[in-house]
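Novice: Letter by letter, the chains look like this.
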Amino acid sequence: MKMLLLKSALIAGAVALSSNVLAHGGATGIVKERMDQMVDMKHAMKAVAPMFRGKLPYDAEQVRKSAAIIESVAGSAMTDKFPEGSMGHGTDAKVNIWQEWDKFQSLSDDLKRYSKALGEASERREKVAAKPASMMGGSSMMGAAKPAVDQPLSELSADRLFKMVTDSCSSCHRRFREDKK
Amino acid sequence: MKKALLYLLGLAVIALALCWYIDLSHQARPVQLDADTGNVERGAYLARASGCIACHTNVDEGGAPLAGGPPIDTPFGTFYAPNLTMDKEQGIGDWTLEDFARALRHGTSPDGQPYYPAFPYSFYTRLSDQDIADLWAAFQTVPAVAEPSKQQELSFPFNIRSGLPLWQALYLDDQRFEVDPQQSEQYNRGAYLVEAAAHCAACHTPRDLLGGLDQKQAMAGAEGMPGGGRSPAITANALKENGWTTDDLAYALRSGITPEGDVLGGSMAEVIRDGTSFLTDDDLQAIALYLMNRE
Numbered sequence: 001m002k003m004l005l006l007k008s009a010l011i012a013g014a015v016a017l018s019s020n021v022l023a024h025g026g027a028t029g030i031v032k033e034r035m036d037q038m039v040d041m042k043h044a045m046k047a048v049a050p051m052f053r054g055k056l057p058y059d060a061e062q063v064r065k066s067a068a069i070i071e072s073v074a075g076s077a078m079t080d081k082f083p084e085g086s087m088g089h090g091t092d093a094k095v096n097i098w099q100e101w102d103k104f105q106s107l108s109d110d111l112k113r114y115s116k117a118l119g120e121a122s123e124r125r126e127k128v129a130a131k132p133a134s135m136m137g138g139s140s141m142m143g144a145a146k147p148a149v150d151q152p153l154s155e156l157s158a159d160r161l162f163k164m165v166t167d168s169c170s171s172c173h174r175r176f177r178e179d180k181k
Numbered sequence: 001m002k003k004a005l006l007y008l009l010g011l012a013v014i015a016l017a018l019c020w021y022i023d024l025s026h027q028a029r030p031v032q033l034d035a036d037t038g039n040v041e042r043g044a045y046l047a048r049a050s051g052c053i054a055c056h057t058n059v060d061e062g063g064a065p066l067a068g069g070p071p072i073d074t075p076f077g078t079f080y081a082p083n084l085t086m087d088k089e090q091g092i093g094d095w096t097l098e099d100f101a102r103a104l105r106h107g108t109s110p111d112g113q114p115y116y117p118a119f120p121y122s123f124y125t126r127l128s129d130q131d132i133a134d135l136w137a138a139f140q141t142v143p144a145v146a147e148p149s150k151q152q153e154l155s156f157p158f159n160i161r162s163g164l165p166l167w168q169a170l171y172l173d174d175q176r177f178e179v180d181p182q183q184s185e186q187y188n189r190g191a192y193l194v195e196a197a198a199h200c201a202a203c204h205t206p207r208d209l210l211g212g213l214d215q216k217q218a219m220a221g222a223e224g225m226p227g228g229g230r231s232p233a234i235t236a237n238a239l240k241e242n243g244w245t246t247d248d249l250a251y252a253l254r255s256g257i258t259p260e261g262d263v264l265g266g267s268m269a270e271v272i273r274d275g276t277s278f279l280t281d282d283d284l285q286a287i288a289l290y291l292m293n294r295e
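Chains as they are written, first to last, in the working numbering: chain U, 1 to 181; chain D, 1 to 295.
Keep in mind that the hints were calculated from the coordinates and are not lab data.
Here a beta-carbon is modelled for each residue, glycine too, at the ideal position from N, C-alpha and C.
Check before you lean on any hint, since a few could be wrong.
[As the list claims (entries may be wrong)] Mimicking SDA-like on lysine to any residue, the simulated pairs with C-alpha atoms at most 20 Å apart in a straight line are:
(1) U:Lys-46 x D:Pro-259
(2) U:Lys-42 x D:Trp-244
(3) U:Lys-180 x D:Asn-58
(4) U:Lys-116 x U:Ile-69
(5) U:Lys-65 x D:Glu-260
(6) U:Lys-180 x D:Thr-141
(7) U:Lys-94 x D:Asp-73
(8) U:Lys-180 x D:Gly-261
(9) U:Lys-46 x D:Asp-247
(10) U:Lys-94 x D:Gly-227
(11) U:Lys-55 x D:Arg-254
(12) U:Lys-180 x D:Gln-285
(13) U:Lys-103 x D:Glu-260
(14) U:Lys-42 x D:Gly-243
(15) U:Lys-127 x D:Asp-282
(16) U:Lys-46 x D:Thr-246
(17) U:Lys-94 x D:Arg-230
(18) U:Lys-55 x U:Arg-125
(19) U:Lys-180 x D:Gly-221
(20) U:Lys-55 x D:Thr-280
(21) U:Lys-180 x D:Gly-243
(22) U:Lys-180 x D:Gly-227
(23) U:Lys-94 x D:Thr-78
(24) U:Lys-180 x D:Arg-230
(25) U:Lys-55 x D:Asp-262
(26) U:Lys-103 x D:Ser-267
(27) U:Lys-103 x U:Met-38
(28) U:Lys-81 x U:Lys-103
(29) U:Lys-55 x D:Gln-285
[As the list claims (entries may be wrong)] Just some of the chain U residues that point at chain D, by a computed CB distance under 10 Å:
(30) Ala-44
(31) Phe-52
(32) Asn-96
(33) Arg-174
(34) Lys-180
The following block holds chain U by itself, in its conformation from the complex (with noise of 0.2 Å):
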């Protein structure tokens, strides 16, 4: 009896332990790592979206901070992180971006660029349209890319700027993270 009750005990810990360690994505090293900035990136998206969304008031002290957190581990912050073949641990990378480096490095560093520029414009707000004014006749309904943005970073508002940097995000997940859940 007294021996069943110890094995139960072992079994129920080493299940514990396991799923503590499933909890983190079971990340080790440079993996885990690079994790931890991306979930940094997580919390600070967290805290502006509902800004942005019209959820929670506008706090431009906040954006700023948030926007400066990006912009630290974006950039060379991030491909750095990325070692060449630097996959198992627990990651959810695939193995793409080695192949395809010069878009990866490009989509970290247009993340760093737009994120200090959104840093910089966090006073500077604009109404955005929910949803494109025209549907047809050379409008972008009916068409495959969304307007190049031929405006300097400088001149653009927090929205703009936060969707820049959202959309970054979103490329980059979509070409380079494999979703598991």
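Starting from the known structure of chain U, fit chain D onto it as the hints suggest.
Specialist: Only chain D this time, still in chain U's reference frame:
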């Protein structure tokens, strides 16, 4: 592994045998549409909502609208959405409205060849006559591009096209979307967008060995997404358990941002970029409301 292969082979043999029974003639069946004049703006909007543009445009490579999509890797092989521009040789410029309707409703080409269900006609068959006329009108406005469509690269036994009539006999239900009078107008609008146009279940419902949707696990999430990975469960229960609200869902379909601050990736990023981000707030709310309350 060997067992699985044998199993597949067996299935293929049975499938082929059945095909002899079901259809060898590949005759295009007639389609009757109760609409002739399409509305271009409505059609363009619907083309966004239905993913026509997302799938048939190679956005990353700077491809022209509807001139053919990027490779879609699936467990069955690689699909390429063909050129749907008005080019008479390479596109569908020589089609009639009836041809177009037949493709969407019966999943067959003008000469009766069956299409692979990667083209989600089992959802589009729920579109109304007017929807099809509207789409067709919008397609007319897209410039012709003389780019040949790419060949589908499927693995055995799925590369045998004569198996497709069997697939269609098993899984294609030629039925229009029906409003549920017990539900609100908003719920019904959401149901129409989710179940017909936007064909969410194509990715969020697991498929069986023959590529049919496993309705017992509707919206329960699935493996084998294009480019790898899995799609999450989007049943009402799963969404609620994961802390989503109707507003959060609508916002995620607009922006890609989740309540946790994550930004959605995988093929959903494409769906949002080329599809749902173009929809009205009302429609995104309707989609979200339906998903959060789906029975």
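Novice: For every hint, state whether the structure bears it out.
Specialist: Hints and how they fare:
1. About 7 Å separates the Cα atoms of Lys-46 (chain U) and Pro-259 (chain D), which keeps this hinted pair within 20 Å; it holds.
2. Distance restraint check for Lys-42 (chain U) and Trp-244 (chain D): the Cα-Cα separation of roughly 17 Å lies within the 20 Å cut-off, and the hinted pair is therefore satisfied.
3. Taking the CA atoms of Lys-180 (chain U) and Asn-58 (chain D), the gap is about 25 Å. The hint is violated against a cut of 20 Å.
4. Our distance criterion of 20 Å between C-alpha atoms is met by Lys-116 (chain U) and Ile-69 (chain U), whose separation comes to about 10 Å.
5. With a CA separation close to 18 Å, the supplied pair Lys-65 (chain U) and Glu-260 (chain D) stays within the 20 Å bound.
6. Among the hinted pairs, Lys-180 (chain U) with Thr-141 (chain D) is inconsistent with the structure: their alpha-carbon atoms are about 40 Å apart, more than 20 Å.
7. Restraint check for Lys-94 (chain U) and Asp-73 (chain D): the C-alpha separation of about 15 Å stays at or below 20 Å, so the hint holds.
8. Restraint check for Lys-180 (chain U) and Gly-261 (chain D): the C-alpha separation of about 17 Å stays at or below 20 Å, so the hint holds.
9. Proximity of Lys-46 (chain U) to Asp-247 (chain D) is assessed by CA-CA distance (about 15 Å); at most 20 Å being required, the pair is judged to hold.
10. For the hint pairing Lys-94 (chain U) with Gly-227 (chain D), the CA-to-CA distance comes to about 9 Å; that is within 20 Å, so the pair holds.
11. A distance of roughly 15 Å separates the Cα atoms of Lys-55 (chain U) and Arg-254 (chain D); the hinted pair therefore holds under the 20 Å criterion.
12. With a C-alpha separation of about 27 Å, the suggested pair Lys-180 (chain U) and Gln-285 (chain D) falls outside the 20 Å cut-off, and the hint is violated.
13. Taking the CA atoms of Lys-103 (chain U) and Glu-260 (chain D), the gap is near 26 Å; set against the 20 Å cutoff, the hint is violated.
14. Restraint check for Lys-42 (chain U) and Gly-243 (chain D): the C-alpha separation of about 16 Å stays at or below 20 Å, so the hint holds.
15. Between Lys-127 (chain U) and Asp-282 (chain D) the alpha-carbon distance is near 18 Å, which keeps this suggested pair within the 20 Å criterion.
16. Proposed proximity of Lys-46 (chain U) and Thr-246 (chain D) is supported: the alpha carbons are some 17 Å apart, at most 20 Å.
17. For the hint linking Lys-94 (chain U) to Arg-230 (chain D), the alpha-carbon distance of about 14 Å falls within 20 Å, and the restraint holds.
18. The hinted pair formed by Lys-55 (chain U) and Arg-125 (chain U) meets the criterion: a straight-line CA distance of about 15 Å does not exceed 20 Å.
19. With a C-alpha separation of about 11 Å, the suggested pairing of Lys-180 (chain U) with Gly-221 (chain D) holds against the 20 Å cut-off.
20. Simply put, Lys-55 (chain U) and Thr-280 (chain D) have alpha-carbon atoms about 18 Å apart, close enough for the 20 Å limit, and the pair holds.
21. For the proposed pair Lys-180 (chain U) and Gly-243 (chain D), the alpha carbon gap of about 18 Å is at most 20 Å, so the pair holds.
22. Restraint check for Lys-180 (chain U) and Gly-227 (chain D): satisfied, since their Cα atoms lie roughly 12 Å apart, inside the 20 Å limit.
23. Between the alpha carbons of Lys-94 (chain U) and Thr-78 (chain D) the distance comes to roughly 18 Å, so the proposed pair stays at or under 20 Å and holds.
24. Of the supplied pair hints, the one linking Lys-180 (chain U) and Arg-230 (chain D) holds, its CA atoms being roughly 5 Å apart against a limit of 20 Å.
25. Using a Cα cut-off of 20 Å, the hinted pair Lys-55 (chain U) and Asp-262 (chain D) holds, with the two alpha carbons roughly 17 Å apart.
26. For a cut-off of 20 Å, the pair hint linking Lys-103 (chain U) to Ser-267 (chain D) stands: about 18 Å separates their Cα positions.
27. At roughly 18 Å between alpha-carbon atoms, Lys-103 (chain U) and Met-38 (chain U) fall within 20 Å of each other, so this suggested pair holds.
28. Under the criterion of a C-alpha separation no larger than 20 Å, the hint pairing Lys-81 (chain U) with Lys-103 (chain U) is consistent with the structure, at around 16 Å.
29. Proposed proximity of Lys-55 (chain U) and Gln-285 (chain D) is supported: the alpha carbons are some 15 Å apart, at most 20 Å.
30. The closest approach between the C-beta of Ala-44 (chain U) and any C-beta of chain D is roughly 7 Å, which is under the 10 Å cut-off, so the hint is satisfied.
31. Look at Phe-52 (chain U): its Cβ gets to within about 9 Å of chain D, closer than 10 Å, so that hint holds up.
32. The beta carbon of Asn-96 (chain U) comes within 9 Å of a beta carbon in chain D, closer than 10 Å, and the hint placing it at the interface holds.
33. For Arg-174 (chain U), the interface hint holds, the least distance from its beta-carbon to any beta-carbon of chain D being 4 Å, beneath 10 Å.
34. A hinted interface residue such as Lys-180 (chain U) counts as satisfied when its beta carbon comes closer than 10 Å to some beta carbon of chain D; here the least separation is about 6 Å, so the hint holds.
Checked against the numbered hints above, the structure breaks hints 3, 6, 12 and 13 and satisfies the rest.
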